[in-house]
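*Asks:* Sequence:
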Amino acid sequence: KYKRANNIASFDPAKYYQPLLATPESWTGPWTRSKFEYTPYGELTPQRYSADEMNDFITYHQVDHPVPGARPTLWIQNVPADAKSRYPSAESSKCRFLECPMPKGTIRNGQYRVAIDEWDLSKQAAPNKDPYHNAGYAHLYCLEKFFDLGLIALSDQYIIKPDNREFPEGRNKMAITRDSTHMLTIVNDFLRDVRTWAQKGGRPQDWFNTSLTRALTVEHLRKQPKVRQAVRQARGGNSIDEHLGNLDHLISNKKPRKER
11 KYKRANNIAS
21 FDPAKYYQPL
31 LATPESWTGP
41 WTRSKFEYTP
51 YGELTPQRYS
61 ADEMNDFITY
71 HQVDHPVPGA
81 RPTLWIQNVP
91 ADAKSRYPSA
101 ESSKCRFLEC
111 PMPKGTIRNG
121 QYRVAIDEWD
131 LSKQAAPNKD
141 PYHNAGYAHL
151 YCLEKFFDLG
161 LIALSDQYII
171 KPDNREFPEG
181 RNKMAITRDS
191 THMLTIVNDF
201 LRDVRTWAQK
211 GGRPQDWFNT
221 SLTRALTVEH
231 LRKQPKVRQA
241 VRQARGGNSI
251 DEHLGNLDHL
261 ISNKKPRKER
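For the sequence shown, the numbering used here gives the first residue as 11, with consecutive numbering after it.
Honestly, the hints are just simulated from the structure, not real lab data. One thing to keep in mind: the hints can contain errors.
Below, simulated DSBU-like cross-link-like pairs (lysine-lysine); rule was C-alpha separation at most 35 Å, straight line [stated by the list, open to error]:
1. Lys233 with Lys45
2. Lys171 with Lys210
3. Lys45 with Lys94
4. Lys210 with Lys94
Since this is a predicted model, take the numbers as computed values, not measurements.
Working from the sequences, and respecting the hints, build out all of it.
*Replies:* This is the structure we're talking about:
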């Protein structure tokens, strides 16, 4: 326990990573006229945006962004443990969607998220950019709720892929394969299938039952020790095997219990 705490406290990202060469220029979305401004770390500020504003950011990024040909990467990843000190601020790792159902936009351990990495392919980034310094993060659930991932996967505006990178510091605690290598196959198969759906007119109406969030959560439950599920059933309550990653159900199922 103490060794782990000491390792976290003594880790120095500056040994492996370099800051951005300059604070990114701001730009304005064409529909909402929202201004997207950045911190010196390359983070978007302010912290949260409406779904319409996020649509502006995603849909028109390559058209209106001040960096010619800017094409961000959307990394599908796990939430890393013991990583608070790695982010520029206490708000950095929270979901950027204003309509996020989670209180304060918190992305918990055990939930899946998407890192919006504007600087992965950008000339403004240093060769070894800190992988924890991104434009922002969002729940995978929120991205799927407000966007058809098939259209994003087909678009040339973004690159969307599972995070299976290797880092100079060693282990990638955000890797989608952290708990199961089969997660990589699930994500790649999903991105292939949703491209087909998009070409045929869009995703199914009941989007959550065919979502990547649900598929990853089901696989996570399948791989867990049987004793953990037994403990969960004995405890009862609003557990992951009930909501399967559906954050709206997670929150709405909590309210009646609190009222009781």
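*Asks:* All the hints need checking, so say for each whether the structure fits it.
*Replies:* Outcome of the hint check:
1. In summary, the hint linking Lys233 to Lys45 is not supported, as the alpha carbons are separated by about 43 Å, beyond the 35 Å threshold.
2. Simply put, Lys171 and Lys210 have alpha-carbon atoms about 21 Å apart, close enough for the 35 Å limit, and the pair holds.
3. Between Lys45 and Lys94 the CA atoms are separated by roughly 28 Å; this keeps the pair inside 35 Å, and the hint holds.
4. Distance check on the hinted pair: Lys210 and Lys94 sit about 42 Å apart at the alpha-carbon level, beyond 35 Å; violated.
Comparing the model with each earlier hint shows violations of hints 1, 4; every other hint is respected.
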